[in-house]
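Student: Read top to bottom, the protein sequences are chains G, R and U. Using our numbering, read the first sequence as starting at 21 and increasing by one per residue. Using our numbering, read the second sequence as starting at 21 and increasing by one per residue. Using our numbering, read the third sequence as starting at 21 and increasing by one per residue.
Bear in mind the hints are in silico, worked out from the structure with no lab data behind them. Take the hints with a grain of salt, since some may be wrong.
Only pairs whose alpha carbons sit at most 20 Å apart, straight line, appear in this in silico SDA-like list of lysine to any residue [stated by the list, open to error]:
no., chain 1, residue 1, chain 2, residue 2
1, G, K49, G, R104
2, G, K48, R, P226
3, G, K48, R, M31
4, R, K177, G, A168
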Amino acid sequence: MDIDLIFIFEMIGTVAFAVAGSLVGILKKMDIFGIAVLGMTTAVGGGIIRDLVLGRTPPVAFVRPVYALTAIVTSLIVFLPAVRNFVEHHQKGYEGVMRLMDAIGLGAFTVIGAEAAFTCVPDPNVFLAVFTGAVTGVGGGALRDVLAGEVPYIFVKHFYACASIIGAIAYCILRGFLGIELAMILGVAVVVVLRLLAAKYRWTLPRP
Amino acid sequence: MDIDLIFIFEMIGTVAFAVAGSLVGILKKMDIFGIAVLGMTTAVGGGIIRDLVLGRTPPVAFVRPVYALTAIVTSLIVFLPAVRNFVEHHQKGYEGVMRLMDAIGLGAFTVIGAEAAFTCVPDPNVFLAVFTGAVTGVGGGALRDVLAGEVPYIFVKHFYACASIIGAIAYCILRGFLGIELAMILGVAVVVVLRLLAAKYRWTLPRP
Amino acid sequence: MDIDLIFIFEMIGTVAFAVAGSLVGILKKMDIFGIAVLGMTTAVGGGIIRDLVLGRTPPVAFVRPVYALTAIVTSLIVFLPAVRNFVEHHQKGYEGVMRLMDAIGLGAFTVIGAEAAFTCVPDPNVFLAVFTGAVTGVGGGALRDVLAGEVPYIFVKHFYACASIIGAIAYCILRGFLGIELAMILGVAVVVVLRLLAAKYRWTLPRP
Chain G
21 MDIDLIFIFE
31 MIGTVAFAVA
41 GSLVGILKKM
51 DIFGIAVLGM
61 TTAVGGGIIR
71 DLVLGRTPPV
81 AFVRPVYALT
91 AIVTSLIVFL
101 PAVRNFVEHH
111 QKGYEGVMRL
121 MDAIGLGAFT
131 VIGAEAAFTC
141 VPDPNVFLAV
151 FTGAVTGVGG
161 GALRDVLAGE
171 VPYIFVKHFY
181 ACASIIGAIA
191 YCILRGFLGI
201 ELAMILGVAV
211 VVVLRLLAAK
221 YRWTLPRP
Chain R
21 MDIDLIFIFE
31 MIGTVAFAVA
41 GSLVGILKKM
51 DIFGIAVLGM
61 TTAVGGGIIR
71 DLVLGRTPPV
81 AFVRPVYALT
91 AIVTSLIVFL
101 PAVRNFVEHH
111 QKGYEGVMRL
121 MDAIGLGAFT
131 VIGAEAAFTC
141 VPDPNVFLAV
151 FTGAVTGVGG
161 GALRDVLAGE
171 VPYIFVKHFY
181 ACASIIGAIA
191 YCILRGFLGI
201 ELAMILGVAV
211 VVVLRLLAAK
221 YRWTLPRP
Chain U
21 MDIDLIFIFE
31 MIGTVAFAVA
41 GSLVGILKKM
51 DIFGIAVLGM
61 TTAVGGGIIR
71 DLVLGRTPPV
81 AFVRPVYALT
91 AIVTSLIVFL
101 PAVRNFVEHH
111 QKGYEGVMRL
121 MDAIGLGAFT
131 VIGAEAAFTC
141 VPDPNVFLAV
151 FTGAVTGVGG
161 GALRDVLAGE
171 VPYIFVKHFY
181 ACASIIGAIA
191 YCILRGFLGI
201 ELAMILGVAV
211 VVVLRLLAAK
221 YRWTLPRP
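Bound conformation, chain G alone (with noise of 0.2 Å):
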């Protein structure tokens, strides 16, 4: 039954990862191919890094296409003017509501890319697992930002990576005690809470 809350939880990421990721290619005034493109990539850019890395071939969003394909027709929705219209005339309830559904995806895609390692790889260390969670829940946003020729959002401003690694540490910890489905659930509030803590109190992480 959790597992089910956990691909609920990411249908809502995938929505708000495609939204942000076609935002990028609106504003860098590319055509609905590129759009369509940076929309699906932010999506599934991370989870294919992390079944490369552990050498899942075909990566799941090649084998479950619902995920990718969720993005890309989101996208195109966030496309069409009347849409946008309707956003900017709705401009501070919709950053709230995408925040939130950013933050479960978040959380969603970093319990999920850490629990592969452990499906994947006999008694992982520690520090594979937290990377397969943190570049699922954030790999595919320094992909679409570099694809628009951006230095990824993630390396110059806010916490937001960070919420994902503490995530991925208490899974991997809780998991243990738990057992999977409570620790993702577990996983997936604290990702949420810092995320949103992080955006209220403009939490930003020390610079030279």
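Let chain G serve as the given structure and place chains R and U on it in line with the hints.
Tutor: Here is chains R and U on its own, set in the frame of chain G:
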């Protein structure tokens, strides 16, 4: 016999892609090493991404180095001032020939990439086969643009990537009815016709 | 015994590469997370690309996290203002030491990368072994430059990548005559000598 024809198409494409890639390196004032890497990346980079996604390692580009070495030699020839002078004096004819060669290469890379999904994965879904087809066709050029510090050309204008996607879809449909060889020839034809029509009539995709 | 020597060379290289990577992050005004990622990418990114190409998953960098963790700790030390102040007051000596450490690392990464092709693929062709050698040596730095929004340094100037390529070729030739251990030591020596001569005499490659 028709497979040999596809190999000839591939070599034509390898040369055309390497020329395009090394010209980007020259424009960017790279040295001869950078120019050769960009020429090679444009020619074989898409196939390498495809093989990593399909779990075929080492990728074909390394097992059969004929493509990569052809691309490197092509790039070194393009580097020669005498060659570039000759081209500048025959600009118009040169552009037409290169466009045709590039279209043939795009077609050959697309159908070979789509077929690779059928070779490597039992009963692949269409999304995977279209992805491996299109990424073989346009992935090398996108990787080259990223390495050159540019937003991938295919995201910003022209119908280019769509010709590859439509060709891959056509190949996947025709393959079941006509067999691999005939479907490959027809798939290449679809891509070549679409890519040349798009260039002639300056087809573009909608932008926001 | 000589293998242990190579491990020492690798660790020297890991530190030198992490310093170079984190300095790019500092120049780009990244936060501490971005700086650590750039340091780590410079040190282990080339090896990860090599292992993905060779189908060795998870890559060594994740199975034996000592390299990545050393790179992260190095980056955090470079981040400290006191450390950077000290370096600024000893600029000249620092540059010489770093150049030697970087040269040793380039050599060690190159021969280990070339040897990985022989370990993972039965009877690999020279093109593959030279590629895996050179990409282990210079791929991390190229990836770092892409993540920092720069055209990879190795494409634009200096002899750097050629030292790695020549070292990898030398290793592949010597390996059959002298055995792995001695060939590794000599391969490292070739790279170190070429890289230091190139720096001293400002060797550059031809440009258009």
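Student: For each hint, tell me whether it holds in the structure or not.
Tutor: Verification of the supplied hints:
A hinted pair counts as satisfied when its Cα atoms are at most 20 Å apart, and K49 (chain G) with R104 (chain G) qualifies at roughly 15 Å. Distance hint between K48 (chain G) and P226 (chain R) is fulfilled; the C-alpha atoms sit about 14 Å from each other, no more than 20 Å. A distance of roughly 35 Å separates the Cα atoms of K48 (chain G) and M31 (chain R); the hinted pair therefore is violated under the 20 Å criterion. Restraint check for K177 (chain R) and A168 (chain G): satisfied, since their Cα atoms lie roughly 14 Å apart, inside the 20 Å limit.
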